[in-house]
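Starting from the structure of chain A, add chain B where the hints point.
Taken in sequence, the protein lines are chains A and B. Each residue of the first sequence is one higher than the one before, starting from 1 at the first, in the numbering used here. Each residue of the second sequence is one higher than the one before, starting from 177 at the first, in the numbering used here.
It is possible that some hints are incorrect.
What the hints assert, rightly or not - Some chain B residues close to chain A (C-beta under 7 Å, calculated; not the full set):
#1 Asn312
#2 Asp318
#3 Tyr320
#4 Ile323
#5 Lys324
#6 Arg325
#7 Asp328
#8 Lys380
#9 Val382
#10 His384
#11 Asp385
Keep in mind that the hints were calculated from the coordinates and are not lab data. All residues carry an ideal CB built from backbone N, CA and C; glycine is no exception.
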Amino acid sequence: MRALHIRLQHLFPLGELTEQRPDLGFVTVPAAYLRPTLLHLRDREGYTHLVLLTAVDWLEEDLFQLTYLLSNRSTGCDIGLRVKFPRQAAHMESIHDLWPTAATYQRELREMFGIDFPGSPRLHEEFILEGWNDIPPYRRDFDTLKYARANYNDRPGRETHDPEQHMKQQLYPDGA
Amino acid sequence: MEQELKPELQIRKVKGPDGVEFEVEPLRDYYCEALPTVQHGAYIQIVEDFFNWARSHSLWILGFGTGCGAIEMRPLMTPRFDAYRYGIQWRPTPRQANLLVISGYLSVKTLKRAIRAYEQMQSPKYVVGLGSCTINGGMYWDSYNTIKRLDDYMPVDLYIVGCMPRPEALLAGFEDLKKLIRAGKAEGANQYAEKFDWYKSNQKRVIHDWDMPDYSW
Chain A
1 MRALHIRLQH
11 LFPLGELTEQ
21 RPDLGFVTVP
31 AAYLRPTLLH
41 LRDREGYTHL
51 VLLTAVDWLE
61 EDLFQLTYLL
71 SNRSTGCDIG
81 LRVKFPRQAA
91 HMESIHDLWP
101 TAATYQRELR
111 EMFGIDFPGS
121 PRLHEEFILE
131 GWNDIPPYRR
141 DFDTLKYARA
151 NYNDRPGRET
161 HDPEQHMKQQ
171 LYPDGA
Chain B
177 MEQELKPELQ
187 IRKVKGPDGV
197 EFEVEPLRDY
207 YCEALPTVQH
217 GAYIQIVEDF
227 FNWARSHSLW
237 ILGFGTGCGA
247 IEMRPLMTPR
257 FDAYRYGIQW
267 RPTPRQANLL
277 VISGYLSVKT
287 LKRAIRAYEQ
297 MQSPKYVVGL
307 GSCTINGGMY
317 WDSYNTIKRL
327 DDYMPVDLYI
337 VGCMPRPEAL
347 LAGFEDLKKL
357 IRAGKAEGAN
367 QYAEKFDWYK
377 SNQKRVIHDW
387 DMPDYSW
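Bound-form chain A, shown alone:
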């Protein structure tokens, strides 16, 4: 993993390597260098399998982070590429032409985070939600409790207990 990181650093302006396991590492890539890095990993380094493409909402830093996790099937090594970009008018280059499966991930990210991937097939079709009429629900500024209260009726009489206190009361009612 370290050797790979050093080889990549000669080619692309990568960030530090975070090595979680000997066979799993993460590096940060500037958005402009994402595609060449992915292509290099796929065609020259044997990372042919796109395991997943997922997003993190860094609300406080006003950033979205995409993680492209690639796997090398012959060595069993995984590398994750992290890309950060601003939340306002969030958009990222589509990679559906590198891995066709990416189109499905990108559809989901468009729906759940509102990240645009121009050119990705069927991007604006509904993926999981039907008739959604609010901001994308996986964004952290979306208040899911408020939405649930406004849309779905509560049944009166629901109680909530702190598990620790409740079990203490159940097991030791006289406070012993």
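Same frame as chain A, but now just chain B:
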């Protein structure tokens, strides 16, 4: 806002096998426009009691699993718990079933399908809500896409509590449902017909892309 109908529900020209072209209006031709009506009991109470006794002994469940609770139905079908000895069996289509078990949380997307399935079942029909999710939302009480009270959207005859209820609890619940039916208290289908507008307005409040007929049977 009026939602545009799905392509298969829009008026279109169809060419028959004999080469004749004709117009199809799916909402009128494939669906009945008549809304559900209240079915009155038999002319004399003892006959109605006999009917109810017979109904209680043929519970045909629609094999439609909505949440994680569907996993509790599998052991009921197999020799370990064997619900068939109680006169309960599963059917693959709503047309052949009279009991809809909502087995756990119901997302808005699934609710749409559940309503269609319920409306396609024949009266008298019963609904059992299974698990705490159908009662008050359960662990999905703050979720953006699951309903919290099933009885807002369809008439529920019986709830079985638990998260999840075990197959034994389901069997006990089915026995309770039989008692309700024999007592003539499982009148969900009539309730649905009586308060149809109320149920429809509740359903349309959460299903934002209503692109189907108001009553589909």
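Hints and how they fare:
The interface hint given for asparagine 312 of chain B is met, as the beta carbon of that residue sits about 4 Å from the closest beta carbon of chain A, less than 7 Å. Interface hint status for aspartate 318 of chain B: upheld, as the beta-carbon distance to the closest one in chain A is roughly 4 Å, under 7 Å. Because the closest C-beta pair between tyrosine 320 of chain B and chain A is about 4 Å apart, less than 7 Å, the hint holds. With 7 Å as the threshold, the beta carbon of isoleucine 323 of chain B comes within range of chain A, its nearest partner Cβ sitting at about 5 Å, so the hint holds.
The restraint placing lysine 324 of chain B at the interface with chain A holds, with a minimum CB-CB distance near 4 Å, inside the 7 Å limit. Residue-level restraint check for arginine 325 of chain B holds (minimum Cβ-Cβ distance to chain A is 5 Å; threshold 7 Å). Residue-level restraint check for aspartate 328 of chain B holds (minimum Cβ-Cβ distance to chain A is 6 Å; threshold 7 Å). Interface hint at lysine 380 of chain B: violated, since its Cβ lies 11 Å from the closest Cβ of chain A, which is beyond the 7 Å cut-off.
Given hint, valine 382 of chain B at the interface with chain A, holds; its Cβ is 6 Å from that chain's nearest Cβ, closer than 7 Å. Below 7 Å, beta-carbon pairs count as interface contacts, and histidine 384 of chain B has one with chain A at about 3 Å; its hint therefore holds. For aspartate 385 of chain B, the shortest C-beta to C-beta distance to chain A is roughly 3 Å, which falls under 7 Å, so the interface hint holds.
Comparing the model with each numbered hint stated earlier shows that hint 8 is the single one that does not hold.
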